[in-house]
Each structure stands twice: as C-alpha cells, then as structure tokens.
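Participant: One letter stands for each residue in the lines below.
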Amino acid sequence: MRIIDLALKDLSQVFRDKRSLLFLVAMPIAFTFFMGFAYKSGSDNDASKDTRIPLGWVNNDGNGYVSTQLFEMLSNSDSVRLVELTSDTVDESIRTGEVAGALIVPTGYNKQVSAGNEAPLTLVTDTNSTNGQSLYQILRTSVTKLMSAVEITHLSAETIGKPNDASELNEAFASASQAWSQADSASLVKVEMVVESAPAENWYGDNPYNQASPGILVQFAIMGLVSSGQILVQERKTRTLQRLMSTTMRSWEIVAGHMLAMFGIVFTQIALLVVFGQLALGVNYMNAPLGTLLVSVALSLWIAAMGLLIGTVVKDDSQVILFALMAMFIFSALGGTWFPLEVASGTFAAIGKVMPSAWAMTGYQNILMRGLGLESAWMPTGILLAYAFVFFALAIWRFNKMDV
Amino acid sequence: MSYAIEVKNLKKSFGNLQAVQDASFTADAGEVLSLLGPNGAGKSTTISMLSGLLAPTGGDASIMGHSVVSEPESAKKSLGVVPQDIALYPDLSARENLIFWGKMYGLRGATLKQRVDEVLEIIGLVDRQKDHVDKFSGGMKRRVNIGAALLHKPDVIIMDEPTVGIDPQSRRHILDNVKALNRQGMTVLYTTHYMEEAAELSDHIAIMDKGRIIAYGTHDELIKLVGRETRIDITINAEGGRVLEAWRSTEGVARIDALDGTLTALVDDSNRVLPRLFDAASKVGVRITSVDIQEPNLETVFLHLTGRALRD
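These protein sequences, in sequence, are chains A and B. Letter by letter, the first sequence follows residues 1 to 404 of this note's numbering. Letter by letter, the second sequence follows residues 1 to 312 of this note's numbering.
Chain B extracted, bound-state conformation (with noise of 0.2 angstroms):
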C-alpha cells in the first residue's frame, strides 16, 4: 500500500546528539497526523527530514510515494510547508509575499492570481492583503503563513506548531483551517506540544520524545495504553518527600511523581484511592491544600510513558 507520508526508520545525528532515532510512521492520504512531543522531542528536525532541509544520517522517507532521499524534488512537488517560524518578507504585503511564493512554486498569470485570491479568503485577509506583513499581528502573520504554504494545492501539508504564541481567536482560526484543508483531501502533517489541538484535529497520533516515537495509533488507542488510570493534581502544605513515600505504598496508585511542585498521581480509580490518599497525608502530618482530578487524556499517555508531562 502507498501511503501519502510514510517515514522509516528515520535518523538524525548532529555530532554526538542523535536528535531523531528510528522514526517510523505512516499517513494515508486525507488524513491528519498529529506528531505530538514536548520541545526538543525531535519534531521539528524530523519534519525539516521530511521537507528536503536537512539530509538524514540513515533510514528514509517517502512523500506521495516520492523518496526525500533519492527523489527530493518529486517529493517536493507535492508538498506544502508552513515553518514553525513566520517566513515571510515583513517589507512585503500580504498580497506581495503570497504573490511571490507562488511565483517561486511555479505558478505564473491567471493561475497564479485566482489562487492568491483563493488563500486570502481561506485565511480571511482578503481586507487587509495590501498591508505590510510587519503592521500584522502575530496571529494574523501566522495565517498568511499558511497560506504561503497552500497556493500550489499540495497533495500533502506539514506544519510545524503554527500555533504557537498566538491569540485564542487566530489559533481557532487556524485549527478550523486545518479541518477545511483536510476535508478536501489534503493530507496533514501537524507537530504540536497541545496535546488538545492533537486530540481534536488527528486521524493519528505519533506521540515522540527525546527523537523516538514512543507511541503511535488514533486518539482512542493511545488513551487506552494508560487503561482506566486517572490522573489526579495534588499540593500540599510541606515538601513532597515525606509523603511521597507513603503514597507510593498506597493501594491502587499506579505511580506518583514530584512535577513543578505539584505531586501527579496515576491512579485506577480515583473515587476509591483518594481518601486513602488524605489517610496517609494525614498521618505523616501533610495537609492536602488542592486536587486536581483529570480523566484519562493524551497527557496522562505521555506522563504514564516518560514519567515526565508534555509541557516539560
């Protein structure tokens, strides 16, 4: 079967760092894949892999059947790629830099005019396309630089945490815009830390940390890796030493880590084990002063697999 994004045993060494280890995932066409990981996971020295920036140290990867390796500009042909960074000439318009892009994705006259007029409607610029890209706020730059990334209609689209540092209404924007791409077909190729924006946009998940996918499947498949263990937000009124021994020790605890002064407890059910739980507080004279209770999530996948939360 070929699959539109189908990465095999991928690696990336920078020295002595080996940034990404035997990275392997597929993605059919028309769907999205979400590569979820805290920074410095390897996400986005992968996708560069991927976009023909960076060569790997061994395996492969193919895009639309098409090698990065031995057939980059094929692979390229059907690809579109949003940075993580804003890529675009600040002293341009909106309209000039789109206009240029899609000169440098080989599109020329009329074509070249219907499909810039097309992005600015799908990233809701069409008002302000005569501005400068620096007068823009970062939402809105953000936007335009996804629509950089659209004018050649790409069979398959990479974007790299385009949603970082921006506002909650150009970030709603932005994931509605993933959504529409998707539902005409585009494959979609997103990295995120926000395990949310994973949750509601991917088909799939690849969920990768210090350069290796340590989990893969859909949305339900992962949260079932954790079973029905809860994750419950502890803090107390001293240092977490004398109580975590005591809470390790508890019946139905599956474990329990000191993360951002905050005890994080993997239990099976919470209504059953949290009264233990203030027991033994209570007993080496801790006071519990909040609990936090979250169901099963994407998160808990990643700290029941690393020990460690996404966010660190």
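Here chain A stands alone, though its shape is the one from the complex (with noise of 0.2 angstroms):
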C-alpha cells in the first residue's frame, strides 16, 4: 500500500507542473507531425512510380490452369507488381531490391492440385522485412482464394449429374463450405528465407505515420528518463529519501513505488500517442489492441526501471539530463525509431537488434507494417520485459549502495 502512496505522490507533483504536460504530449505530437511530413515529403517525389511490391514469378510447371489463374490474379493485384524471373536469378534478384521476394511454382503443380492433392508454392523472401512480411499475408491470401475456387470446381462437378436437385447443391455448398473452414492457409505457402533483401523504398508501407508515430512515441518515452532520473535526484536534494529510509520502508519498496511512478507517467503518455495515432493520423494500432496494449506497457516498464538506474547513478538534475539524453539518442537511433533497421547497414542493424528500443519498435511494427496480430507480440514484450527487470534489480543494487 504504501508502494502506491509513495506513486501517487510521486504522480501528484509530477502532474501539478504544467511543463511536464508540454514534455509529455505536446511535444511528441509536434514531432509526430514533423517526422510524418518530412517522410510523406519525400515519398510525394516518386508519386508517379508504381508503389506496388516487386514479386518474382518463377514458373517451373509450364502453362497449366491453376498457375495461369494465379498469375492471372496476381496481375491485376494492386498490391503486387509481378516480374518473371527464372530459377537462377531469384537470389540476385532480390539481393539487389530489384523484387522483395519470389513465388516458385513447382513442377508437377497443377497436377497436383487437379487431382486434389495439396502442393505448396515456394515463396523466398528476407523474412524480417517489412516487404517480406506483406507479399507472405498477400499471397496467403490470393492462394487461398484460389484453391477455394478450385475445390468448388471439383464439388460442382461431383454434383453436376444432378442439377435439379437442391439436397445434392446444398450438400455440394455445405462440403465447400467445410473445406474452405478447414483449408490451413498456411500450408498453401511455404516461405523461404534464403538471401537479405534490398531496402524497399516505401518502407513505412501506405502511411508515413507508420514509422513517424510509433517511432517518435519510444522516442519521448525514452525521454520520460529525465523524469525518471530526477525522481530520486530530487529526494535525494530535498533529504526526502533520507527520512524515507529512516521509516520501515524497504529499499525494494522506495524503488518499486518511485519506479510506479513512473511507468504511470510514460504509459499515460504513450496511451495518449496511440490513441492521437489511431484517431488523427490513421495509424492502425488497434489492429491488434491487446498487443499495442502489452508492447506498451512493457516499454513503460523498461523506460522506468532504467531511469531509476540512472537516478541511483548520478549526482545531480544536470547529470540526468546528459545521461537520459545520450540513452535517447543512442536508443533511438540504433533502436529504429527515426527509419526501420532493415534500411540501415548491417552492422548498424546488427546492433540495433539488441537495444530494447528496437524490441519495441519491432512491437510496433509488427501490427502496423505487417499485419500481424497478437501473437507478434509476444517476443517484444517478453524481451522488454527481461531489460525492465534487469534495470529494476541493478537500480536496487545501487540504491542501496548510494550514499544519501
């Protein structure tokens, strides 16, 4: 209980100060509108160029039925632009950006899938990018569509010999029905991830402010460190800690509550960005709200335990200032959040993969870009979730190592 006095606390100045509100919404939102325009700006260059995703078109099964469906559906995409390629150029093809990935066909397809047997196309792409990740759900997609159609066709003609009898057709519709429930779209499509795509030009997918939005939230979240830190420079200042630690409160539970504190303060902020996003900007968060949900806290949880490590660290406001500032800077350029890593040199990426910033970034992303839902958040959250932890046990370290 006293854990949440001492947040509440904590809170209730925080919220008094006026410029703290400037800090936490006013500024990001600026920014948001500043980052998506100068993305958007230099999109707005090429609007003439077809914005489509190069797809590789490799035919192994010469010109059978279902294959000419399929290219037939893919051509008049508007997603997908397709490029024929032979088997020898897919890897080259790819490397250098000129398609983001490839869709085999392979011998005997068509056969294959007449007869009613299943036969996967092979779809070869950089899986981690964002242009990987959209040809896999789009051809997902289009493929299921396909072989509904195709199992439709081989129902009707079972039934054909019957045309006038409404039990056959209902039967026939009832068969199709359970086979498109039970089709695993996911087996229609094999994925391989064989080579490192080339950048794609349109990174941040339809809306600039897929990138601006979440990229400037973990950005100003990293900046509440300052916040974070100067909670306990500041109880240090006024000998408030001082006579904290003469009560029975634990060293645990002062660092707990101030760290509360502070996941409030940074979570109030980043709910206040996704919601400006979703509603303002048309960013989809809540096209998986529950994994926006988790990303979002873990990414609190992370902010606040590192600034209570840094506040354990420092000696005074200035000091905070310079390490939080260094922590945004170095967070969120090597952490993805001003362009997505998979534009970024290898070594840079490398890098960039291990910060936290970028787990969250990968959070993000993963339900904006790409699609996905839920279950794309697992692993950001999980790996937020250790860094918050391990933050949160050395700044218990320190504080009961700090001189007050």
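One or more of the hints may lead you astray.
[To be verified] What the simulated footprint calls covered on chain B by chain A, stretch by stretch (three residues with Cβ under 8 angstroms from a Cβ of chain A suffice, anywhere in the stretch; the number is not a length):
#1 46-56
#2 70-78
#3 93-103
[To be verified] One side of the interface only, derived from the structure: several residues of chain B facing chain A at Cβ under 10 angstroms:
#4 V81
#5 D85
#6 G106
#7 A148
#8 I158
[As the list claims (entries may be wrong)] Derived Cβ-Cβ restraints for the label pairs, each shown as a range:
#9 A/S251 x B/H132: 24 to 32 angstroms
#10 B/N39 x A/L322: 32 to 40 angstroms
#11 B/L305 x A/K237: 34 to 42 angstroms
#12 A/L322 x B/L259: 42 to 50 angstroms
Just so you know, the hints here were simulated from the structure itself, not pulled from any lab data. We put the CB at the ideal spot given by N, CA and C, even for glycine.
Take the two lone chains, each set in its own frame, and fit them into one complex as the hints suggest.
Facilitator: Listed below in structure tokens is the structure:
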C-alpha cells in the first residue's frame, strides 16, 4: 500500500507542473507531424512511380490452368507487381532489391492441385523485412482464394449430374464451406528465407505515420528517463529520501514506488500518443489492441526501471539530463525509431537489433506495417520485460550502495 | 535494565577516517539526552546509525531494546527522526506533507486525519496548513520537519540540530515543543552545538569530539569536571605571544589558550587572579582592552577537556 502512496505522491507532483504536460504530450505530437511530413515529402517526389511490391514469378510447371489463374490474379493485384524470373536469378534479384521476394511454382503443381492433393508454392523472401511479411500475407490470401475456387470446382463437378436436385446442391455447398474452413492456408505457401533483401523504398507502408508515430512515441518515452531519474535526485536533494529510509520502508519498496509512478507517467504518455495516432493519423494500432497494450506496458516498465537506475548513478539534475539525452540518442537511433533497421547497413542493424527500443519498434511495426496480430507482440514484450527486470535489479543494487 | 536508547562501542569509518570511535551512552525512557559537540564531532554520523541510514562498522545500538543492526525494522517502528536538513516536499502543502509522511509511517483513514490535525496544533501551523512549504520561513519549515516525525507517536525521537539557522521565536517554539513532548513521556535524543540548549533541555548530556564521547553525565556532573574554574576571555592591544608565557606561569591560572584573537583563561578564583593578570601584562608592556568573566558552564567544560571552544 505504501508503494502506491509513494507513487501517487510522485504523480501528483509531476502533473502539477504544467511544463511536464507540454513535454509529455504536445512535443511528441508536434514531432510526429514533423517526421510524418518529412517521410511523406520524401515519397511525394516519386508519386508517379509504381509503389506495388515487386514479386518475382518463377513458373517451373508450364502453362497449367491453376498456375495461369494465379498469374492473372497476381498480375491484376493492386498490392504486387509481377516480374518474371528464372530459378537462377531469384537470389540475385532479391539481393539487389529488384524484387522483394519470388514465388516459385514447383514442377507438377497443376497436376497435384487438379488431383486434389496438397502442393505448396514456395515464397523466397527476407522474412524480417516489411515487404517480405506483406508478401506472405498477400499470397496467403490470394492462394487461399484460388484453392477454394478449385475445391468448389471439384465439388460442383461431382454434383453436376443432378442439376435440379436441391438437396445435392446444398450438400455440395456444405462440403465446399467445410473445405474452406478446414483449409490450412499457411501450408499453401511455404516461405523460404534464403537471402537478405535490399531495402524497400516505401518502408513505412502506405502511411508515413506508420513509422513516425511509433518512432516518436518510443523516442519521447525514452525522454521520460529525465523525469524518472530526476525523481531520485530530487528526493536526495530535498533529503526526503533520507527520511523515507528512516521509516520501515525497505529499499526495494522505495524503488518500486518511484518506478510505479514513472511507469504511470510513461504509460499515460504512450496511451495518449497511441490514441492520437489511431484517431488523427490513421495509424492502425487497433489492428491488434492487446498486442499494442502489451508492448506499451513492457516499454513503459523498461523505461521506468532504466530511469531509476540513472537516478541512482548520477549526482545532480544536469547529469540526469546528460545521461537521458545520451540514452535517447543511442536508443532512438540504433533502435530504429527514426528509420527502420531494415534500411540500415548490416553492422548498424545488427547492433540495433539488441536494443530494447528496437524490440519496442518491432512490436509496434509488426502490428502496424506487417499487419500481424497479438502473437507477434509476445516476443518483443517478453524481451522488454526482461530488460525491465534487469534494470530494476540493477537500480535496487545501486540504491543500496547509494550515499543518501 | 532496558534503556530507551543504548549505544555500545559504536564505530563508523569512511576509508581511513574514523568518524565515530567506540561511542557508548544510554538514555532512559522519558528522558532528554543531548549529544553536544562542535561541527564535525560525529554527532550526525552517530544518529544516522541509530536511524538505520548508515550501517555501523562496529559495535551496536538499540532503540527500545531492538538492535539497529539485527532488528532494524523493529527499531525504526519506535523511532521518529528529525533530520538536520529540511526533509519535506517543497511543492506540497504542510498538510499534504504530513499526510504523506503519516502514510509512510503506516497511518490510514481517521487515525491519520486525527494525527495530522493534532500535529498541526503542536507545531502551531493550523492556519498555514494549506500553504506550500516553499512559501514558509525557515522556522516554519523546521516546525513541519519536526511534525512529520511525530505523526506515529514514536517512543523515541531523534532531533539532529533542529534549531540551526532559524529566528529566535521559532527556536523558542521548538525548544518548548521538545519539553512538551518529553513531558508526554517521549524519549528525546537531541544533538546540538549550542550549549544553552543542551543545558536547558537535557537530563543527561554526552559531549562528543572527534568521533569520541569525551564526557557523559548530568549538567551538574559535567560542570564539576572543571571544579571551581572560571573562564575569563581577555582581549589585549598587542600580539598575544608576549603576555601568554607570563600569564601561563601566573599563580591560579589552570590553562590559557589563544582562541580567535581572544586569550581565554581558566582560573580557580577570578577575584584573586585577575589583578595578577593585569600586573603581568603591565610588566611586558601590554594593555588589556576588555575582560569577560563567565561562571563555569558547558562551554568551559568543553574547553577544559579539549583546549578548544565548542564553536571551533
């Protein structure tokens, strides 16, 4: 209970300061607009360009009916642009960025499908890239439609001998529906990740705020380290920490109370920016609301814990600001908040991928750019929570060694 | 016998610096014990160890029978601490501060409200309870600082120089509060470098210097340490060196030191010795410009024991 009392006291102090509201909400919103505008301006110059995702087409099965149907379906797609390739040129074309992936129709595909057997297509792409993820989703949908059409054709052929028998037609429909629901769409397209692709130009998808909104959100959440670190510094400065430690509160309770307050502040900031992004900028955080919530909670906990660790290391406010700014620039730049790590060089991206901020961005971008669901948020959430735990443990360790 | 406060061979070192060396003293329940000593004597370090803020390097101390080393939480439950610095949230009101600290001491609901009201009465700030602490004078802040330590009605209260840097009116208020709390049965450990406060408040006084307890007893017991010696502060019109040797050999002078440009002598009978000092000064061509005679007091005791003034 005293942990909550301590947290509520901190919150009341922070929210009394009007400047903190400006810092927590107004500035990140302004920066989101600025960054989104900057990304958009960059792409406006290429407005006449075909922005569909380039997909390589390798047909090893001649001109069968099913593969022809699939080719036509994809050729007419608003999402992908087909580029005909041979098996030999697939890897190179993906590496150079000519295509984001390649769909390979295997030998005997039409025969197997016509016989009602399972025959997966192969998608070769970089599964870590936004376009790779998107291609997989697009092809799953397209191939599922195609396969269901084939299934219905089979069923219709079986019942065609009795065209006026309503009960037989109903039975055919029922069977078709069942076949639809039982179809494992994931097995229809097999993904192979054999090359690392060149960066796509429209890495933020169809909305520049898909990058700007979570990027600024994570960056300004990291700026919360300033408030978080200053809490302990102020407690030391006003000697209230000394008084707190003369009560029966344990060290971990004091750290936890302050951390709870910081969590509340950072989470409130994130929640406001998520709502703003969703309603005003069309950034679809609600694609996976629970996933967004999980990533936001874990991100807030990590930042609160790290801020308190900074508070136990530094001596005064100026050092807090210095440490927080360093952390913000390092974690923001390396964590992919300004641009996705996929467009960065290999070493930069490799370092960036171990940053907690990068995992926060991955969590949000899985939902926003890759259209993935709750399951995509588990790993980023788990890793952020692990970071939060480590920083919290370090904060308690340092707190116990601190000269009050 | 169980004491409210018992300190046994307490030690604290910071690297090579021995801040507290084998300090031992006791305080019975319901008494005021003053820890008197100049700045840097080790008083604050001692009470930091009693409050659980610093771990002793050696020895032990107990509050109401609970060791601060092995049972720190039990010891803290019986303890209220008034730090030397103002330990309050400046952007919260006096009442908000007291409510917060009451909660930290485990008070809730009606009990908390009642105690906050009572404490505001005790510290005389009922009318200003809604004002932010940063709008208060130094004395008013000190009173809230004390009030925050009284909320949970501790058996023992430790006050670390609570009257430093405040106006005479607030100082008087605080000293009266200490007496009132003591009358209610609270044991008070009061650290100060003002001998008048120690003399006025204390049942026992422990004099501390350079990390050691150099004397302990009641006010009268400590005065007896210097016997009938009277302190005479003398200023002269010349360098002290010439006359100092002459006065040291004068009959009736127990000791004489130069302190802050004043020559301070401890003599056994000022009426008899003073004419001899004038004679000795005349003989070396020095003129005495002022003389201040003080009956034996705690300052004299400290001077007698250390050769230095309390304010040094």
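Participant: For every hint, state whether the structure bears it out.
Facilitator: Hint check results:
1. 46-56: holds (count 3)
2. 70-78: holds (count 3)
3. 93-103: holds (count 3)
4. V81: Hint on B/V81: holds, closest Cβ of chain A at ~4 angstroms, below 10 angstroms.
5. D85: Check passed: Cβ of B/D85 comes within 4 angstroms of chain A, closer than 10 angstroms.
6. G106: Constraint on B/G106 satisfied, holds at 7 angstroms.
7. A148: OK, holds: B/A148 within 10 angstroms of chain A, min 7 angstroms.
8. I158: This interface hint holds because 9 angstroms falls under the 10 angstroms limit.
9. A/S251 x B/H132: 24 to 32 angstroms: Since A/S251 and B/H132 have Cβ atoms about 29 angstroms apart, the given range 24 to 32 angstroms holds.
10. B/N39 x A/L322: 32 to 40 angstroms: With Cβ atoms ~33 angstroms apart, the hint holds.
11. B/L305 x A/K237: 34 to 42 angstroms: holds (37 angstroms)
12. A/L322 x B/L259: 42 to 50 angstroms: holds (46 angstroms)
Going down the numbered hints, you'll see the structure goes against none, and every one checks out.
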